[in-house]
Amino acid sequence: MFGARKFWWKLTAVLLLAYTVIGGLLFQVPRLSIVNETIRALYFHVPMWFGMVFLFSVSLVYSIRYLRNPLKGNDTIAVEFANTGLAYGLLGIFTGMIWANYTWGTPWHGDPKQNGAAIATLVYLAYFVLRGSLSNEEQKARISAVYNIFAFAAMIPLIFIIPRMTSSMHPGSGGNPGFNMYDLDSKMRMVFYPAVIGWILLGVWIATLRIRIRNVEEKILDLEDNV
Amino acid sequence: MILTLFQKEFTLELRQKSVASGLVIYLFSTAFICYLTFRLRENLVTPLVWAALFWITILFTVINSIAKSFIGERRGREIYYYSIANPADIILSKIAYNFVLATVLSFSGLLLFYVFLGMPIEDVSIFSLSILLTSLGFAASLTLLSSISSKANNSSILMAVLSFPVVISILLLAIKVSKNCIDGLGWDASWDELLTLAAINCLVSAMSYLLFPYIWRS
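Chains A and B are the protein sequences, given in the same order.
Reading the first sequence from the start, the letters are residues 1 to 227 in this note's numbering.
Reading the second sequence from the start, the letters are residues 228 to 445 in this note's numbering.
In short, the hints are calculated from the structure, not lab data.
Any given hint could turn out to be false.
Unchecked claim - Looking from chain B toward chain A, a few residues come up when the C-beta cut is under 7 angstroms (computed):
| hint | residue |
| --- | --- |
| 1 | V246 |
| 2 | A247 |
| 3 | G249 |
| 4 | I375 |
| 5 | K378 |
| 6 | L389 |
| 7 | V393 |
| 8 | I395 |
| 9 | S396 |
| 10 | I402 |
| 11 | I427 |
| 12 | L430 |
| 13 | Y441 |
| 14 | I442 |
Said to hold, decoys possible - Quick look at which bits of chain A chain B covers, simulated, 3 or more residues with Cβ under 8 angstroms:
| hint | segment |
| --- | --- |
| 15 | 119-126 |
| 16 | 138-150 |
All C-beta atoms, glycine included, are put in the ideal place defined by N, C-alpha and C.
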């Protein structure tokens with residue numbers, strides 16, 4: 001379990017995130033009007049959304065696998081990746097609110113991107129409410145897998161399509177400086193890409209830990225039942 | 228088979244007139260409350276307020292009407308359908324039926340709003356098309372969610388919790404189109420939104436069609 005084969009990517013995550021924190025706070029960043037030093041939020045806020053979409057996608061894949069092959073393990077993986085993805089989504093909203101407080105003046109500005117993000121987290125909160133209100137284990141796993149797939153399909157227009165159709169004050173749209181090929185300084189890329197990979201790896205690590213905890217808890221319950 | 232099931236939904240609806248008339252009265256009372264609230268202050272019903280009130284009324288009426296499509300069914304009847312029909316036919320017939328129901332309810336809502344609160348819509352043809360597309364989207368997504376929530380024990384609360392985040396993207400686009408129609412901006416302005424609405428409808432219908440068999444099995 002603790003062999004080098006499984007250990008290397010966790011070490012990579014730690015090293016990349018240490019580099020992100022040090023580099024993200026100390027390296028030179030371009031001076032842009034209004035944004036100024038808050039541009040460093042790019043290393044901490046934006047990777048949260050990359051991580052969230054990645055974790056929800058893994059959860060989606062395991063929900064599909066559960067419907068094709070109803071093993072309990074698939075369901076556990078789907079739930080815990082959705083859980084971690086939800087935590088990333090909430091962190092993304094909070095880091096965005098801190099940033100917005102300094103650049104837009106208020107933490108919640110009713111921007112289309114903020115509203116879309118809030119609704120996307122509601123989708124996954126509803127997923128957990130659904131799981132809580134079904135009592136039969138097998139039914140719970142199958143029906144929540146169906147909702148997970150359906151919710152992911154409904155989330156795509158919210159996160160990727162509708163915010164692009166409306167004008168927004170979020171960087172990268174409506175003529176604001178932000179994440180595109182011309183604005184992103186090549187020095188910032190050197191921290192940004194490692195940051196994205198590091199945060200995604202950390203999310204996977206948290207999810208695998210939670211899966212192991214859940215498996216151990218179930219084993220304990222089984223043993224208690226047998227005694 | 229789809230046609231038979233579709234006819235069966237109609238026959239059942241006509242036999243239990245109390246449910247259908249209940250929905251019409253629900254719609255009427257909501258529109259009437261809007262009218263009473265704004266009765267003497269007609270200048271307060273700006274076009275945007277009109278659009279918001281209209282879509283909120285339609286959303287709640289349609290959620291209530293579609294929720295009963297699975298939640299209301301008796302256990303024995305479900306087992307009977309299970310033995311004679313395949314799930315794809317059942318979901319398609321239910322979506323088709325709910326689409327007709329949602330369209331009828333939305334247009335009667337429009338009529339009621341016209342009578343009570345006036346009609347700020349300049350471009351009725353585009354607005355009607357947006358009502359049709361929205362009804363299809365509501366029918367396709369809410370039918371599946373109704374079958375999901377019918378499996379749980381607190382189904383009526385769950386229906387609202389599950390449906391809100393899923394239909395909100397459809398509703399946002401519909402509100403934007405109706406804003407364009409109120410301003411009389413014509414086809415060029417609303418074309419993008421209508422296409423996106425149609426694309427979301429395709430996505431949601433395909434998902435319902437593919438996923439329903441897994442719910443039906445339990």
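Ascending list of hint numbers which this structure does not respect:
1, 2, 3 and 10
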